[in-house]
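Visitor: Sequence:
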Amino acid sequence: MDRPVVATTFYVRYAETDQMGLVHHSAYLIWFEEGRSQYMRACGADYAEIERSGALFAVAEAHARYEAPARYGDRVTVRTWVEEIRSRSITFGYAVYNADTGQRLATGWTKHLCLDRSGRVMTIPEIWRAVLTRGPQAGSFGDQSVRVERTG
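In my numbering, the protein residues as written are 8 to 159.
The set of hints was computed from the structure by calculation and includes no laboratory data. Keep in mind that a hint or two might mislead.
Unchecked claim - Simulated restraints on C-beta separations:
id	residue 1	residue 2	range
1	M27	S60	39 to 45 Å
2	E41	P76	36 to 42 Å
3	E58	D107	31 to 37 Å
4	Y21	Y73	30 to 36 Å
5	Y54	H32	37 to 43 Å
Stated by the list, open to error - Straight-line Cα separation of at most 16 Å, EDC-like style, residue types lysine to aspartate or glutamate; simulated pairs:
id	residue 1	residue 2
6	K118	E56
7	K118	D81
8	K118	E90
9	K118	E68
We put the CB at the ideal spot given by N, CA and C, even for glycine.
Please take these sequences and the hints and turn them into a complete structure.
Guide: Okay, structure coming up:
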């Protein structure tokens, strides 16, 4: 399946490492969130704008599979894409790579339910479904340059 992928690259911060000098497993979920946020910006929206409209995308499930360690100072790239959009949920996929060696470090996914402000599950509003369906555009968003790739 051909789908757009947003690649977000950054350096591992010291605070993300554990006593063994490796990136702590919890940091990968934060990196997934960073990739997801950049994906949304590249689509032309950000979470603040979505929330102002009354739609909230809450993480309902998260999965990570660790394949190789990352260390302080490594440059990593998080590749983010939409796996599936359903009427009330969206699932994002992720792959984390060492940006300099190309080694895959982790893969994962998160499933998000669309909620209204009272916390009830709701249908994803058409405006956000259209934004997500259109997909990302390359460019600079905040302090990140976003590269849009296609995968098959």
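Visitor: State for each hint whether it applies.
Guide: Structure-based check of all given hints:
1. M27 <-> S60: 39 to 45 Å: holds, 43 Å
2. E41 <-> P76: 36 to 42 Å: At 19 Å between Cβs, range violated.
3. E58 <-> D107: 31 to 37 Å: Since E58 and D107 have Cβ atoms about 36 Å apart, the given range 31 to 37 Å holds.
4. Y21 <-> Y73: 30 to 36 Å: Given range 30 to 36 Å: violated, Cβ gap about 20 Å.
5. Y54 <-> H32: 37 to 43 Å: Given a distance of about 24 Å, which is not inside 37 to 43 Å, the answer is violated.
6. K118 <-> E56: violated, 20 Å
7. K118 <-> D81: violated, 28 Å
8. K118 <-> E90: holds, 9 Å
9. K118 <-> E68: holds, 5 Å
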